[in-house]
Structures are given as structure tokens and as C-alpha cells.
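Those protein sequences? They're chains A and B, same order as listed.
Reading the first sequence from the start, the letters are residues 1 to 94 in this note's numbering.
Reading the second sequence from the start, the letters are residues 1 to 587 in this note's numbering.
No wet-lab data here; the hints were simulated from the structure.
No residue lacks a Cβ here, since even glycine has one placed at the ideal position from N, Cα and C.
A hint or two may mislead.
As the list claims (entries may be wrong) - Not everything, but these chain B residues come out facing chain A in the computed CB check (under 8 Å):
(1) E27
(2) D103
(3) T110
(4) K111
(5) L123
(6) I125
(7) G128
(8) I134
(9) G135
(10) P263
(11) D365
(12) F366
(13) V388
(14) A548
(15) D551
(16) A554
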Amino acid sequence: MTEYDGYNLRLYVAGQTPKSIAAISNLKKICDQHLPGRYEIEIIDLMKDPALAMRHQIVAIPTLIRQLPEPLKRIIGDLSNTEKVLVGLDIRPN
Amino acid sequence: MAIKARAKPDDLPTVGKSPTGIRGLDEVTQGGLPQGRPTLLCGSAGCGKTLFAMTFLYNGAVEYDEPGVFLAFEEQPEDLIKNVGSLNYDIQKLIAEKKLAIDHVEIERTKIAESGQYDLEGLFIRLGFAIDSIGAKRVVVDTIETLFSGLENELLLRSELRRLFEWLKAKGVTAIITGERGEGSLTRYGLEEYVADCVILLDSRIHDQLSTRRLRVVKYRGSAHGTNEYPFIIDEAGITVMPITSAGLAHEASTERMSSGIPDLDRMLEGKGYYKGSSILVSGMAGSGKSTVAAHFIDASCASGHRCIYFAMEESPHQIVRNMRSIGIDLQKWVDKKLLRFSARRPSLFGLETHLATMYREVTDFDPTAVVIDPMSALLGAGATGDVHSMVLRLVDFLKFRDVTALFTNLGVSSENVTTEMQISSLMDVWLLLYNRESSGEHNRQLYLLKSRGMAHSNQVREFILSSEGIKLREAYVGPEGALTGSARMAQEAKDKAASLVREQQMDRRSRELDRKRREIAAQIEILQAQLATDEAEVELLNREGLAREDQLAADRVVMAVSRQAGAGPDKRAPKSANRSKKWTAK
């Protein structure tokens, strides 16, 4: 095992909207199921730090960005479609 | 009462306007874009949407103290800055001064997966942040339709766009939303459904391989606006919209006069020259001296301190200056004094409308008193005949409206073909006809003042002579053989001179003859008078002698009487008398 071969994920939300809340819980569920112990989730609320929206090229809310492993991947939506999230994050179901 | 009720109160709410600072556009829209509302700017690729939008922001930041945000979906900020650098917009400086912000939104479908519901709140946050960070009053969204190709859920996108435009309105920013022209609709994705306050359409059309850009205000809620298509140009001086199609016929007519620069021609025009603000057409064949007439006019106008523009369509400024020097006109000195500006462009460089817009810009820029368009006929190559007519009409109206005296030269097809002058002659106030008549092996120039509105002008054909001191007009010889010019005129004049010499000599001879006769008769009279005098003297002498004799006779009679009565009375003289009478008796 190298230094860190897990998943570093960032989820951008804007306040406590139903979509944001759904995205957070959907993401946790998927990660727990498919990447147990191999992930880190960082939730960024753009309402609190709006400058990041521009810096990180966020258009849609919620947006999930896979920082690691490279390359960068983006998924938008409340992540209710697990299949698409897995494809988008390039995770092969065990 | 009814009329009073219809009078418009001053405090009636009207749509506020946000000036674009784009020359001409603010006139067309009567003040600018609707303030605090989004405007849709649509047009096909490459017709200048982005430049228009950027100019709106730039002018807002520089001239109206309204900072702006540029939300770019298509171009990278660096590219944008470079692209408008050609218009001399220093965007980087404005960004540093926090008067302008550029945010580039990158959306690529292949890099984004979608899973479930989302909205575009991220975009709102970004835009809101950018607006708040510089206190923006103006926003450009260029081109939001990119989102349609970047995101799958079109339905959601549409509702989000609607929300965006409402949000922009609520923010109170004046926005330009650009949109790509679609088939059968103004924009490809029907943005006009959402942005309905003001729609401006840009268009770039090709005619005979020449492209002309046009602008049209399709709608403008709550404001009157020009509804026509207006040509516009984009060049190093920015964007210029030519706001006139026809200025109408309400211009003031000046009574001021301007010299034509040719004293002889001025004399034909009541001795004062053209009316200020009039349109003058100088038509003639190649080499008939049209440009020279124009140069005289320019020279005279500049000499009286007026600014002039010379629109040269066929010659370079340098060439014109050189050529006019040969007839003693130095145009360079006026260029140096910044009284004369040359604007030289090949007619085929761009379309008619573009020419018109260019002229419009130059004229509004330089504010000349007189312009020359030499030759106008060259523009024929840049458009269909009808277009040329309408363009000239607009140009004439525009110049008249500004009280600019305009001299158009026109290359006639044949020397006396006066019907086909692109039907423009009726637009002209003065029409000078120059022709080249061939006679006795030479071409001679002639000038004829075909019309001159509003003044008693000479109707004579003059001979037009180009000399090193400029143009001279000579009265053409008019005789039984028609008007003669050149050496024919000179020959005729010589002939006339000889004939008159002969006549003079004859008269001289006759009067000498008479003189002589008079002298002869006078001499005869003298002789006769002398004879008469002699006769008179003779007669007098004889008369006197006769008298004397009679006296003597009387005396003798006395003596005789005395002697006969001797002693009748003593008389001292008696003896003498006696002696004499004795003697006489003795005889």
C-alpha cells in the first residue's frame, strides 16, 4: 500500500437544502458500502465561502469532486442514482 | 378637459436607461439599455456579440462609473482580454481597479456525470459573489446557452434560466445576455422567452463577398426605439452604429455661403458660392477635373478655417496631395494644420453600409464643415444600385442634418448621360456637369451649372481651364457655329479680330474721306468768301469815289454860283474859288 490510496471526495453544497442533505446522506451510504475505510469526505458550504464557487468551477449544486485518486472527476446531483455515482467515481462494485 | 387629461404628467414612471456608450446605439434605443433589466443580444457566430457586451461593460466602468461583471462561458479570461485589446480596452487595469470582474464558467459534458436532482445555485453564488465584491451595476452573461450542451437536464436548465433572469432583475443590475442565433427563432434555445424586456439582434450579411454588419432592436418594452436595421462597424475605434436610415426632411436650411474655391465659379453662383450645408454633385467623365473642383473647394474651406474630410475612394491621400500640387493647391499644409483629414478606402474593402457607418463615425468624430466624397460612383461596386441610392440618401440626410456641406464627385459613363446618375441628382442641391468635348483634334473641358437650388445661377457653358494656378473658367465662344472652346475658340477669336480690324480700317477710311471733303468745302467757302470780300471792297471804293465826286460837284456848283453873283458878298475864300473855277471853266 502506498501512502494513501483511498478516495478524497469534496461535496459542494449551498446551505441546508433538501438536495444537499440528500446528497450528503447518499454519498455516505455509497462510500460506506463500496469504499469502507478508504475515503475522506469534505463538505463545503458555498453559502459560507462563496469565493470557492468560482475558484473551484462550481456551477451546479450539489457537486461532488473526486480529488483523489487522480484524475479529477465531477458528479452533479443529489447522488440518488448509485449506479451513476459508482461509474462517475470509477468505483467497481466488489 | 379631455386634452388636459391626456397630457403626460412629469412624474409618470418610465423605464430607466443605462447608456451603452456605443456611438449610435444609444440614439437608436433613445438612451441605452433598460436599466436594472436583462437585455438579450442575439446573433450568429462572429457578428460581434462578445465585443458589444464587453464594450457595454468597459464604457460602464470607464465612463459611467458602473462596475461590471463578465460571466464568460465560451472564452477564457486571458483570451477575452486579448481579443478586446485590439479595441484598446485595458481590461487588466480595470480588473486591478476592481471595476471589472471576469468569471469564466467551464462546463464540459464529458467531464461531468449526473446523478439525481441538482440546480444551478453554484452559478448564482458565483455571480452574486462577483457582483457584490465590486459593487457591479452591469452584468454580461456570454453565452449561457453553452449550458445546454454541458448539462443533460434541459427542463431543469430552462427553469433555472428563468430563475437566473428574475434573480438578475431582483439584483437590479443591467444585464446583457448573449445568445446564438437559431433557425427560425432568435436564439437556438429560445432564450427570448425568458428575456423579454429588450431584444437586440446583430446580423452579418454577405453581399457580393462583402460583409455588412447590421443591428436591429427587435423589441424594447416600455420604450420607443428605432425599428430599422442599422449598419454598424467594429474597428480599432470601437463599435459604431449608424443610427440613421433617413433623418427626414426637417433640417434647417442655411443662408450662409461657402466659396467653391474657384472665383469664376463663385461668380456663376451669384458671386457667393454654395449654400452651407448643401449637397453638390460634380459629375463628369474620367479626366474632366472632378477631383480638382473638389480640391479647390477643400482648399478654400480650410483656408477660411473650416475642418474638412476628404473621403478618397480611388486615390491615396499622398497621390491626391501630389496631384493637386501640380495645379498650385497645397493640401498637405491643411493636413498638417489638422484642418483636413483624409479617409482613404477602397470601395471594395467592405460593404456599402460599412462605408456609411465609417463615414458616419469620421464625421461625428472630426465634426467637419465640409466633406468630399471622391468619387461616389466608386461605391457602385460595393452594392446594388438601389442600395447605393438609399445609402447616398442617408448620407446626404445625415450630412444635411449636421449642416455639413458635401461635395460628391461622380464618374459619368458617357459625357452627357445625365439620366443615369444613380437617381441621386434629385438629392443634390447643386449639380456641376463637367464634360470633355472633342473638336478639331483636341479635347476641351467644359463646365455647366446644371442646377443650383435657391439661387439665380448662370446658365452658361464655360470653358474650364486647368492651369498651374488652378481652375479658370472662360466664357466659351458662342457664335453661329455653337460654343467653341480650346484652339477652335482661339482661332475663331483671331478670325473675329482680323475681321474687326478690317472693319475698323474701313470706318477709318470713310471718316478720313469725309474729313477731307469737309476741308475741301471749307476751303471753297473761304475762297468764295474772299471773293465776296474783294467785291465788297471794290464796291465800297467805287461808292466812295462816287460820293466824293458828288461833293466836288456840289462844291463846284457853289463856286460857280459865287462866281456868277460876283460881289454879292465878301468871302475870303472867294478869290481862290474864283481862280479854280476859272481854270475849270477854261478847260
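Hint check:
A hinted interface residue such as B:E27 counts as satisfied when its beta carbon comes closer than 8 Å to some beta carbon of chain A; here the least separation is about 37 Å, so the hint is violated. A least Cβ separation of about 5 Å between B:D103 and chain A falls short of the 8 Å threshold, and the interface hint therefore holds. Because the smallest distance between the Cβ of B:T110 and any Cβ of chain A comes to about 10 Å, over 8 Å, the interface hint for this residue is violated. Interface restraint check for B:K111: the shortest CB-CB distance to chain A comes to about 6 Å, inside 8 Å, so the restraint holds.
Satisfaction of the interface hint for B:L123 is found here, the shortest Cβ-Cβ separation to chain A being roughly 5 Å, below the 8 Å cut-off. At its closest, the beta carbon of B:I125 sits 5 Å from a beta carbon of chain A; the interface hint therefore holds under the 8 Å criterion. Of the supplied interface hints, the one on B:G128 holds, with its beta-carbon coming within about 7 Å of a beta-carbon of chain A, less than 8 Å. At its closest, the beta carbon of B:I134 sits 13 Å from a beta carbon of chain A; the interface hint therefore is violated under the 8 Å criterion.
With 8 Å as the threshold, the beta carbon of B:G135 stays out of range of chain A, its nearest partner Cβ sitting at about 15 Å, so the hint is violated. A hinted interface residue such as B:P263 counts as satisfied when its beta carbon comes closer than 8 Å to some beta carbon of chain A; here the least separation is about 72 Å, so the hint is violated. Below 8 Å, beta-carbon pairs count as interface contacts, and B:D365 has none with chain A, the closest being about 39 Å; its hint is therefore violated. With 8 Å as the threshold, the beta carbon of B:F366 stays out of range of chain A, its nearest partner Cβ sitting at about 44 Å, so the hint is violated.
The beta carbon of B:V388 comes no nearer than 50 Å to any beta carbon in chain A, farther than 8 Å, and the hint placing it at the interface is violated. Nearest Cβ of chain A to the Cβ of B:A548: about 161 Å, over the 8 Å cut. The hint is violated. Here the hint on B:D551 is broken, as its CB sits about 163 Å from the closest CB of chain A, past 8 Å. With a cut of 8 Å, the hint placing B:A554 at the interface with chain A is violated, because the nearest CB-to-CB distance is about 167 Å.
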